[in-house]
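So you can see what is in the structure, the chains are spelled out below.
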Amino acid sequence: MDKDTMIGELVRLVGRENVLSSAMHFKLYEYDASLIRSKPDCIVLPTSTEQVSKVVKFAHDNKIPVIARGSGTNLSGGSVTIQGGIAVVLTRMNQILDMDIENLRVVVQPGVITLDLKNVLAKHGYLYQPDPASEKVTTIGGNFGENAGGPHCLKYGVTSNHVLGAEVVLPDGQVVQMGGKALDNPGYDLMGVLGASEGTLAIVTQAVLRIMPKAEAVKTMLCIYNSIEEGGNTVTAIIGEGIIPATLEMMDNLTIKAVEEAYHAGFPTDAAAILIIELDGLKDGMERLTERILAICKQHNVREIRVAKDQAERDKIWAGRKGAFGAVGRLRPNYLVNDGTVPRTRLPETLAKVVEIGKKYRLPIANVFHAGDGNLHPLILFDERDTDELERVHAAATEIMKVCVDMGGTISGEHGIGLEKLHGMSLIFSPKDIAAMKKVKAAFDPLNLLNPGKLLPETEKAA
Amino acid sequence: MSNTNQLASHLKEIVGEANVIQDPDQLGAYAVDGLAPRAVVSPGNVEEISKLLAYANAEKLAVVPRGNGTKMATGGIPRKLDLVLSMLRINRITEHDVPNLSLSVEAGITLEAVQQKLAGTGKGSFLPLDPPYVDKGTIGGIIATNGSGPRRYLYSSARDLLLGLKAVLPNGDVVAFGGKTVKNVSGYDMTKLMIGSWGALGVITEITTKLLPLPEASATLLASFDDLSKAGSLTKKVLHSVLLPSAMEVMDANAAGKLGQKARYLVAFSLEGVAEAVDRQVAEIGEMAKRAGAGDGKVLTGADDGAFWRRVRDMALTAGASVILRSNFVISKQAEILGNYERWAQASGIGCAFIGQAGNGILTSYILENGVEKRDSVIDLIGKFTAEAAKHSGNLIVEAAPRDLKEKVSVWGRPRSDYGVMRRLKEEMDPVGVLNSGRFVGGI
Amino acid sequence: MEKKELFGENTRENIYHCIKCGLCMAHCPVYKEVLLEEATPRGKVQLSRYLSEGNLELSEEVKDAFFSTCLLCGSCVANCPSGVHGDHLFSGVRWRAAERYGIDWKKKMMFQLLASKWKMSTSAWFGRWARKMFGGTWIESKLNAGALNVERIPPMNDHPFSATVPDVIKPVGKANAKVLYFHGCATNYLYGAIGRAVVDVLVKMGVEVLIPKDQTCCGLPIFMSGDRETSVQCIRDTLKIFAREDVDAVIVDCATCGAALKNEYAHLLRDLRQLGEEVKDEEIRAAELLAGKLKDVTVFIDEHKDWLPKMMADGRKLRVTYHDPCHLVKGQKISAQPRNVLKSIPGVEYVELPGANDCCGGGGSFQVEHAETSRKITKRKVDNIRETKAQVLATCCPGCNLTISNHLDPTIAVLHPVELLQKAFNGAQ
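Protein chains in written order, with this note's numbering: chain R, 237 to 699; chain L, 81 to 524; chain F, 14 to 442.
Derived by calculation from the structure, the hints in this document are not laboratory data. Among the hints, a few may not be true.
[To be verified] Straight-line C-alpha distance at most 27 Å; calculated DSSO-like pairs for lysine-lysine:
hint, chain 1, residue 1, chain 2, residue 2
1, R, 519, L, 378
2, R, 372, F, 389
3, R, 359, F, 392
4, F, 119, F, 76
5, F, 389, F, 402
6, F, 183, F, 253
7, F, 45, R, 354
8, L, 131, R, 668
9, R, 677, L, 140
10, R, 545, F, 346
11, F, 45, R, 372
So that you can see chain R by itself, here it is in the shape it has in the complex:
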């Protein structure tokens, strides 16, 4: 089907005002937050489940690829239409449909911005726990598709632990319900496999989320270290003591410098690392837990500890952490963010190896990491206009992935495989593992129209 006919049909299906097809728009929707660019053949902005269903059915009947997209801030190329096709932008489906506080559930459209939802819930004294650093701009749908984490996932889990149901449009246009407000609906955990499926299995048009009452007390500490290793060892020791804080985040010196320049959060720029520890829960016993944690920090030669006195101080600490990625853009024009995860206990070792890799490829690497769950984000800094540097960047990234796998970890903790890490899948999965995943894909999307070319590598069928 030629492009103009396709565009004409889409206009007929969802209305002119919901279709974009100019040269300018193709360029605007060719990217996300990764380095990958590729233009779609058409862009639609549906405003209802029905419209999404119509568009998908049309695409299915004409074998046109479809990619669902929210704010387009994907870090692994997941939102880029590498095989062309229709970009279905869900930003206009941004309503909170049902605040069912009595049942601890909220039903939302996929285009709701995560932080906006949390702000509405906060007014009622409730929380939706996942808190990815990008929450002020990412959508619930995007978070679910990548199974976004965030600092609090150490204690509370990731997005898929809090999305309990969904109305979805299947690749053939059918609308079905998966999961729901009640727990344990009989059948396979399709919701489980939908999370982190990176838009390759179905398009979520409504999500049922789990909410909970706000914690009674929160204690946030900023711990400053003269060595990353000591910081890392503190993390292991805290958990080894049987204390599970709500979050354990670390940043290295290069990142601290960038953050200070951008946000003036008050982080000392000569510190080798800072550790942000947060406890939440009942106030009883929290002082004692805090004392224990501070003692452990001191045992590991912490230089200075600052305990946030109030919400404003707490917010300042977090603003520095949440803006870290973007802040390093001041050091060099571009970054490639790695997303490897290792068992927590092997974090210091892994970081040491990352430093070596940086030296080997002559690239500055800033490190931000979720120390509590072993998810590290080495930010390789470079200028994409320098092709030699770009090559070294990709080589360094691949080596970092390999290190993580060697340490008993994996290649993506929360940003997804997308296109960017496709070549790393064979480091952690055997051909049989991948064949099993392809069966899941085949069950949902036999024609491979939904976000083709992502997540699953094109290996030969298992022997």
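With chain R fixed as given, assemble chains L and F onto it according to the hints.
Only chains L and F this time, still in chain R's reference frame:
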């Protein structure tokens, strides 16, 4: 299709003669809904399982995996049963990474054995799952059936605890997913897919899971009520408060009686954590209970505390019920639904005991021995119960029932709109229909 | 069509620091309403890149993206973790777009008037007279001012403010300081009361106030519309009059004028030089000098609060809230001082406005030309103000004042903080 002798000799080749049961007298113990298998085989390692399933796949055999058989009664009646695959010899703890708070363990070991090992190592940890059948439930069975219990309220369930999983697929492929890390989005989350898949997509051989440190202190608070709506108002208050009990159960007089407690309605709270928090919650919830109209409360500590919850978990055994129903629905309707169920059971003259997880929206109904004879009334009751749960966004599963009753009801409750996808999934993963074929939702 | 460079080298470098993280989307008031990628700052930075690299032609649609989906409020610049100056890129594109497609003749005429003191005064007088003679609700209802309700646009001053004050006003006794007062067009033609309050307060603080008669428009609204030539004329004229060593400060009462004089002049002159225009070193030095002297009136007052005369409380309480103008809080990072001034007034019960630094949606001509989007943004601001139950909305920008008062409940007064201060000196509230 090979005849039984061919089958047996092939099996013996794979697992060794000692690990094949052919004797018809012994096979009866492994029957599913009265249908005995042609053989029972106990592989000793994953390779053997792989060979067994590859063989079954090629020969189109019907296979049912089994641990200690506590949940064999759940599910559709098998149309044919060739092989029961016992996982009991696959039972090692393969890695206990103490500082990382993670555990890798094979499917055939009981959860209880695992808990004891964990409690006795280092500072002590536990796997926060508390499903029924305390002594017998095996890891593989629990995970395959998404077993959970009262403590799910605070600690969530398997899908929130498992980090990775290894399995053998129906065609014999040995696969591994996830790993040891808390976060992992590499590829599809196959671990979640396998949890609760009821042995129909693959045979789980090993899981890797998060652990939690053993709580510093614990206690149980019991509150008794004459009025169900008052009990409901208490659980509602606690649900929306900052308090963090690990379990919150509401039960009727029959269930309470089986636990040695006297109450028209009993609400039980399990409190675990740092000592100060436990003390505070015992006091505060006690106060809240009084204000809600409860009678004198009771506090259980130490051995009594542990024993109480073991009996809650094993109500199926204590109650001696041969029909067990499990309803799920939205959390806030617990008291209303329990009340309706109670009334309808009484009206039909069917003795029932009810235990609800008041913070999760789960209610288990135990139809007591003397009620089972009234077959048609029971069927009627199940229909009513199912409709009621469905009215509140939920469903009902018949967890256990005699075969002739199962033939007349939909054991997996109301069908759902996503069954088509589940069917295609089963077709992709198990085209021949080797594992638990026809026994899952929608006859998959 | 010959390829004209869009940006000077320094400005262009911004493009390559955009990592497309998208965090700017959370702060863009237009994106919130429109939800299209071209409405995001990121999108416009990428478009700037495509245009600059020759991968996209400048078209009507592209021009529209830069004009209709951007208020040049600077929210993106203030929140970009990489420090990308999107505003510099966007105004560069507007400039070339204006060159290619022209500017609406009514607008162009308006700019010519603003840039010429004499022409503007005459027109203002004429306009006021015409409104008196021929105005009235019927005619007003026929005029189209976009999102603005015509009948609620304030009448022009009886006389331009500058005509009502001498060029030098000395305080009683010894002067603590000497300042130049850049009053800007809004005060001059619409908000004479603000001008009088500024002068009154400064003089009572013992400050000598110089008000040059030949001052013109700061040039920023003209610049933002893409008419660089006319705006550069304003800049050069302003520099000649205001870039002086011998004063302690150059005072402004308007956030936009302040941002222009403090942040934009030097940068723009350098940019023009990099594009091959002739710019003398002393012009750049003058711009830097002016930037150094520039102070928003509330900043000046806050810094010299010990010069303030005693204020009398008259027992009445006034509930006041404050709106941060974009060009003040984002452009100049000033948010504490206006609040300090308000809180120092006895009888004022200060309440913080939720979303205080959210854009008001005015954007100068934006609210006239892109009414629908503007209205949606303004509505959020108005709803927030209403929620505070304040009796007065204070703000340091006549532009914001115009927009907000146009849509706000008429019982809520919209005033500049200096007006409240002035009333407090005179014992009335």
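Enumerate the violated hints, using their earlier numbering and listing them in ascending order.
none
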